[in-house]
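Q: Sequence:
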Amino acid sequence: MIDDFLDRDAFGRLSTSIQFVDYEPIHSSMKWNKPYGPPGLPIIQTAGVLRGQKESTPDRLGLIGDFVDRLRNSGSPISDGPGANVVGSRILTGKLIAMGAGAGLFWHADTDQVSGAYIFYVHPRWDSSWGGELMVMDGAAELGVGELAKSTSGGAARPDYEAVGAVIGPDFRTSLAEERRMQIGAGRFYTARPNRLVLINGQVEHRVNPVLPAAGDQFRCSIVGFGIK
Numbered sequence: 237m238i239d240d241f242l243d244r245d246a247f248g249r250l251s252t253s254i255q256f257v258d259y260e261p262i263h264s265s266m267k268w269n270k271p272y273g274p275p276g277l278p279i280i281q282t283a284g285v286l287r288g289q290k291e292s293t294p295d296r297l298g299l300i301g302d303f304v305d306r307l308r309n310s311g312s313p314i315s316d317g318p319g320a321n322v323v324g325s326r327i328l329t330g331k332l333i334a335m336g337a338g339a340g341l342f343w344h345a346d347t348d349q350v351s352g353a354y355i356f357y358v359h360p361r362w363d364s365s366w367g368g369e370l371m372v373m374d375g376a377a378e379l380g381v382g383e384l385a386k387s388t389s390g391g392a393a394r395p396d397y398e399a400v401g402a403v404i405g406p407d408f409r410t411s412l413a414e415e416r417r418m419q420i421g422a423g424r425f426y427t428a429r430p431n432r433l434v435l436i437n438g439q440v441e442h443r444v445n446p447v448l449p450a451a452g453d454q455f456r457c458s459i460v461g462f463g464i465k
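When we follow my numbering, the leftmost residue of the sequence shown carries the number 237, and every step to the right adds one.
It is possible that part of the hints are untrue.
What the hints assert, rightly or not - Okay, derived cross-link-like pairs now, SDA-like style, lysine to any residue, Cα gap no bigger than 20 Å in a straight line: (1) K290 - R326; (2) K290 - V460; (3) K465 - A320; (4) K270 - E260; (5) K270 - T427; (6) K290 - Q439; (7) K267 - I280; (8) K270 - A353; (9) K270 - R424; (10) K290 - A353.
Rather than coming from a laboratory, the hints here were simulated on the basis of the structure.
Source: prediction; values computed, not measured.
Please build the complete structure, drawing on both the sequences and the hints.
A: Here is the structure:
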């Protein structure tokens with residue numbers, strides 16, 4: 237975790253720009269993005285920026301592209317630290333995701349193609365009473381509990397809940413996964429403090445607590461990206 241990742245002026249420009257970009261519902265085109273809960277929740281997203289083997293900066297997302305470039309820059313404070321495996325991946329992505337009251341993210345771990353993820357809080361203000369905390373479970377996700385990542389890669393493979401492989405989610409609270417979570421029962425949380433950067437390993441289970449009604453019409457806005465192996 238790094239607080240005040242950007243200087244005041246750079247963060248001000250970025251946090252102002254998020255109101256002028258184009259968003260679409262995260263549950264769009266009749267598709268259900270399952271980790272983000274039931275369709276209909278107030279969650280919107282922009283198109284994605286790509287850096288690495290592939291390069292793409294959609295219209296109006298220049299400042300998001302600049303942010304991803306900053307992460308990959310050799311002078312970045314995370315380029316040779318714990319986040320090096322994320323920003324040094326073959327491909328690094330980035331998009332804006334905004335969550336309104338009631339929205340959150342189910343417990344899950346990322347696929348075995350993801351080296352890790354980052355979350356950068358870009359809203360200009362957030363109160364601790366508004367919820368939306370990032371929760372990270374202690375320990376790596378236990379192999380063989382949940383659906384295999386390879387079964388979702390577009391091939392013909394089917395889920396095998398007993399085989400060894402990377403865990404993904406959500407698993408709709410299946411008994412094996414819930415039993416494991418209750419046995420661990422500990423971890424850490426990160427409030428959605430503006431200008432805070434959090435990096436997580438792709439093999440840990442994590443979730444986002446729902447944004448509380450106290451947030452009113454304020455959205456929890458973050459740049460979210462993945463390092464793709």
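Q: Each hint needs a verdict: does it hold in this structure or not?
A: Structure-based check of each hint:
{"no.": "1", "hint": "K290 - R326", "result": "holds (9 Å)"}
{"no.": "2", "hint": "K290 - V460", "result": "holds (18 Å)"}
{"no.": "3", "hint": "K465 - A320", "result": "holds (12 Å)"}
{"no.": "4", "hint": "K270 - E260", "result": "holds (16 Å)"}
{"no.": "5", "hint": "K270 - T427", "result": "violated (23 Å)"}
{"no.": "6", "hint": "K290 - Q439", "result": "violated (24 Å)"}
{"no.": "7", "hint": "K267 - I280", "result": "holds (14 Å)"}
{"no.": "8", "hint": "K270 - A353", "result": "holds (18 Å)"}
{"no.": "9", "hint": "K270 - R424", "result": "violated (23 Å)"}
{"no.": "10", "hint": "K290 - A353", "result": "holds (18 Å)"}
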